[in-house]
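Colleague: Sequence:
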Amino acid sequence: MKSIFSLAAAAALVGLSNSTPLPDATAAAHGPYHISGFFASKPHLSSGCRFEFNLTSPTLPSTPPVYCWASVELGFSGATWLGYVYQGLGHCDNERVDWTFNHPRGAETDRNDAVFNVTVDGVLGTYRVPKEDIYVNLNDEGNPFDNDVSYSGPREFEIVDFPGGN
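Reading the sequence shown from the start, the letters are residues -19 to -1, 1 to 147 in mature numbering (1 follows the signal peptide of the UniProt record, and there is no 0).
Watch out, some of these pointers could steer you wrong.
[Said to hold, decoys possible] The following label-pair restraints were derived from C-beta to C-beta distances:
no., residue 1, residue 2, range
1, S43, E122, 46 to 52 Å
2, A10, W50, 22 to 28 Å
3, S52, N75, 28 to 34 Å
Calculated from the structure, these hints are not laboratory results.
Cβ atoms here follow ideal geometry from the backbone N, Cα and C, with glycine treated the same way.
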């Protein structure tokens, strides 16, 4: 009878551990995430946007860094924002890593800061990209579809914000 109770208690604890936010110590052990070679660009007369970066973290092998990339369609070439990389559209050469990139609050009408999220082993790190670091150049004032949009901020930075920690 004692072993049945122990199994039930262990199963309940496992269920709780999967739904509980990570304590600060756990998040801190996973970070910071180091990003290098960050690149994001939508060339003129194109409806596509390309992202690339390298990632290292304390819980991943440091050599070589994890390489991540995405090519996303914006739907039209007149976009004045970088493409949205939704969950599952960003690729990495290590399956323990996932990432997203988006502009909250209607980037189509207002230029806002962008949000770059990187998840390693289920631990989410967030980096806010200031709108000033997203460069928009209208190449031909007579053609609103002929523009370039690119990330112009630092190519190397640390992700230190882990919102899942308590």
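Colleague: Among the hints numbered above, which are violated by the structure, and what are their numbers in rising order?
Modeller: 3
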